[in-house]
Amino acid sequence: MKASKSARSFANRAGVVLGAVIGLGFSGLALALEWNLQPAGSKLAADIHWLHEAVMILCTAIFVGVFGFMFWACYAHRKSKGHKAAQFHENTTVEILWTVIPAVILVGIAWPTTRVVIAQKDTSNPDLTIKVTGYQWKWGYDYVKGEGEGISFISTLSTPRDQIENRAPKGEHYLLEVDNELVVPIGKKVRILTTAADVVHSWWVPVFGAKQDAIPGFIRDLWFKPEKIGTFRSQCVELCGKEHGFMPIVVKVVTQDEYSKWVGAQMKLIAATADDPAKTYTLDDLRKRGEQVYAKNCVVCHQATGKGMPPAFPPLDGSKVVLGPKDGQITTVLNGVVKNGTPTAMVAFGKQLNDVELAAVITFTRNNWGNKTGEAIQPAEVKALRK
Amino acid sequence: MSAVADTHGHDGHADDHHGGYHGAGGIMRWVTTTNHKDIGTLYLWFSFTMFMTGGAMAMAIRLELFQPGIQFFNPDLFNQFTTMHGLIMVFGAIMPAFVGFANWQIPIMIGAPDMAFARLNNWSFWLLPFAASLLIISFFTPGGAPGVGWTMYAPLTVQMGMGMDLTIFAVHLLGMSSILGSINIITTILNMRAPGMTLMRMPLFVWTWLITAYLLVAAMPVLAGAVTMTLTDRHFGTSFFNAAGGGDPVLYQHIFWFFGHPEVYIIALPAFGVVSQVIPAFSRKPLFGYASMVYATSAIAILSFIVWAHHMYTVGMPVQAQLFFMYSTTLIAVPTGVKVFNWVATMWKGSLTFETPMLFAIGFLFLFTLGGFTGLVLSLVPIDIQLQDTYYVVAHFHYVMVAGALFAAFAGIYFWLPKWTGRMYDETLGKWHFWLTMIFFNMIFFVQHFLGLAGMPRRIPDYPLIFETWNKISSIGAFGFGLTQLLFLYLILKAIKSGEKAPQKPWEGADSLEWTHLPTPVPYHTFETPPNLK
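Note that the protein sequences, when read in sequence, are chains A and B.
Here this note's numbering is used: the first residue of the first sequence is 1, the next is one more, and so on.
Here this note's numbering is used: the first residue of the second sequence is 1001, the next is one more, and so on.
Treat the hints as calculated values from the structure; they're not laboratory data.
Bear in mind that the values here come from a model prediction, so they are computed numbers and not experimental data.
Incorrect hints may appear among the rest.
[What the hints assert, rightly or not] Looking from chain A toward chain B, a few residues come up when the C-beta cut is under 7 Å (computed):
| no. | residue |
| --- | --- |
| 1 | Glu90 |
| 2 | Pro102 |
| 3 | Thr113 |
| 4 | Glu165 |
| 5 | Gly209 |
| 6 | Gln235 |
For each residue, glycine too, the CB sits at the ideal point set by N, CA and C.
The task is simple: from the sequences and hints, build the whole structure.
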């Protein structure tokens, strides 16, 4: 990797020269800031960085060469210095040369690039397969094959709204922190299957050179093999509606031992905290639980005040649906709202939440703000209405 | 061409150089005009109005991005601004600006009395204000303007309110306007050249527009199809882009970019044409490699139809498709390189002066090439997969659209303004305009390359703290850039009102027909008897 390191420092210098040519004087500042690709965390990413640097050096060299000529002409061939215009206007040899040479250079670039393209597409023989589902606006992770099979969770932004709305100082990982991180073991080939429930999203982890659109109704894949322990952060990179900027991706790479421990703990947690849909809960328990569910799933559209953002996102406070018969509201939350045959931003939460969570959040909305029905919805009632 | 003359109530045999305006007065003159110069002027002022409107939205975007956190606009409105900024700038500002140049310049550069279809020309223009109104009105409908990005990807478009429908109709109108305008341009160039003005003697600006017009006729109906399918998916129960009904969201992207990539050259080629007039004039030397310029332009146009999926490397295409689109895309670097080399060779050993049009042309050449190189970087699949949908892409296409097309449009306006109005602009103010535009432009967009490399996604209203410094610099640059364009407006109005009288040929090295055969300002009717150039 020594060659790659010196190539990088050359690219840095070339970049600085370019910045200086532009005449902004940013170059000194630039070195102190994030201004290049994030350090590679896998061999594939390192290969991509190497390619990028090689192409940058090449482009910079050609750029400086071509505009060296132009600026020399601007300096030496100016009328104010008494330069008389020559009248030549073609030269077949030169024209053939500057058509052929760039073509040869392009073939030179295409060769190493093609090898990386083919490597990047090779998702065969993974050690671990995880399905990633894009939702408006969070990510769902399902470990479908390999160690940890059966683990399944939703990963949501954990930055408090107070920080986003400037009522509290912003934390170190502002907008790049989630409640449940994706955990993977180091040195294992991880295959990610992407899909989406509503609109197109895009899943990206820059340090692994891994990006793939998540397309509703289709499954695509990508792979990465982490070579660094640590927590790596990124965001959704395909415009997916209002909260597109607020659905981060956080991947935690751990040692094999730690991974096995994590899987064990997850399995125990699943067994221990499994919501018991047969139980009858008190109104207070449901409201407390419901408030958490609301904060994770509902608040960005319907707002903490329950006033929504009409007309796209209707208010729940005083809503006819919320204050009406409970079956009506349960069905709405379970199946979402479909207008003219197409789903709206009110998606079918029946696919994302279990009966206890649904019962809790519905109870919460019926007994919060100005809504005071005093009714507790039990998980069994939700279960009965599932199709 | 008697039909053309008749609509003006003109006897058609008057002296070439004394044709005046005889039609309706006041606002009705502009509504009913069929004169290519009037219509060119309308296009240019319309374009400037849209440039300021789209620019105001850009200011709003940069204001919100000045610091992390949500300060001024909720994320919904922010998305509406990014969407409308894109649509308005592409369809309302840049494209009409170059159609304005085409209207003014093509007839007087080829020795024709007017455009071939004069009434159609009027209609092509007057569709635009209605389309623009629909786009603006969409902000005031329930749910607001669509917040889907100018690319209008399905199925997000299905979730939008009626603003989306207004936008779809606006795109239909804009497309009609472009197609009608193109038919007019093609017919004019192929049929109305003066005797002796052979195709290979046409000024390069005319050549680039001929090729652009063919691109428009081929590409705009595809866009119309894409948005119509979106409309029927929204309202009439079709499932073109809905997997649940047997459709495919990615199909939309293929159709959109089949239009979208030629669109890039629809914007860039006329800019190449303007620069190819300006650089030789101020180098006092003929354009180097005229024939190879024509071939290179044609090659770019043809290649532009087989590279579209390089906008879609991350949708998950088979590896063979990725490689095909990567190879075909990198190939565009060859004819583009030829053009850049030709321009530099034109300057080489010339006798250069640096009036404002030349400064903008050099600015174009320098920065457009930089944008071309980042294009080459993005054409390579693995690198693009890192940079797709980040600010690197935003920086790249603004180097092409702003430093490319807009700088060329400025060059063209300073170049031809004396011919059009009979008055010179203030050279000192012009130079101020150039240097401020140049500095602020780079301040906005050069740093966005760093943001993209470091991992900032595009189209987000709020961002992690590490991106703060670059965003601040970028925003300050944007405000400076916006204010500088007010200086441009002042400078143009000052020139029209009280500029010095311009001679017939204010630029020593200019040699096309409008400079050599026509007085300044250009009379209302020109070349009613074609000049003999044999």
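Does A/Glu165 pass the interface hint, meaning its C-beta sits closer than 7 Å to a C-beta of chain B? holds (6 Å)
Against chain B, is A/Thr113 within 7 Å by beta-carbon distance? holds (5 Å)
Hint validation: A/Gln235 versus chain B, beta carbon distance must be below 7 Å. Holds or violated? holds (5 Å)
Does the interface hint hold: is A/Pro102 within less than 7 Å of chain B, judged Cβ to Cβ? holds (5 Å)
Tell me if the interface restraint on A/Gly209 is satisfied: Cβ within less than 7 Å of some Cβ in chain B. holds (6 Å)
Hold the hint about A/Glu90 up to the distance rule: shortest CB distance to chain B must be less than 7 Å. Where the cut-off is 7 Å and the nearest Cβ of chain B is about 5 Å from A/Glu90, the hint holds.
When the structure is compared with the earlier hints, no violation turns up for any of them.
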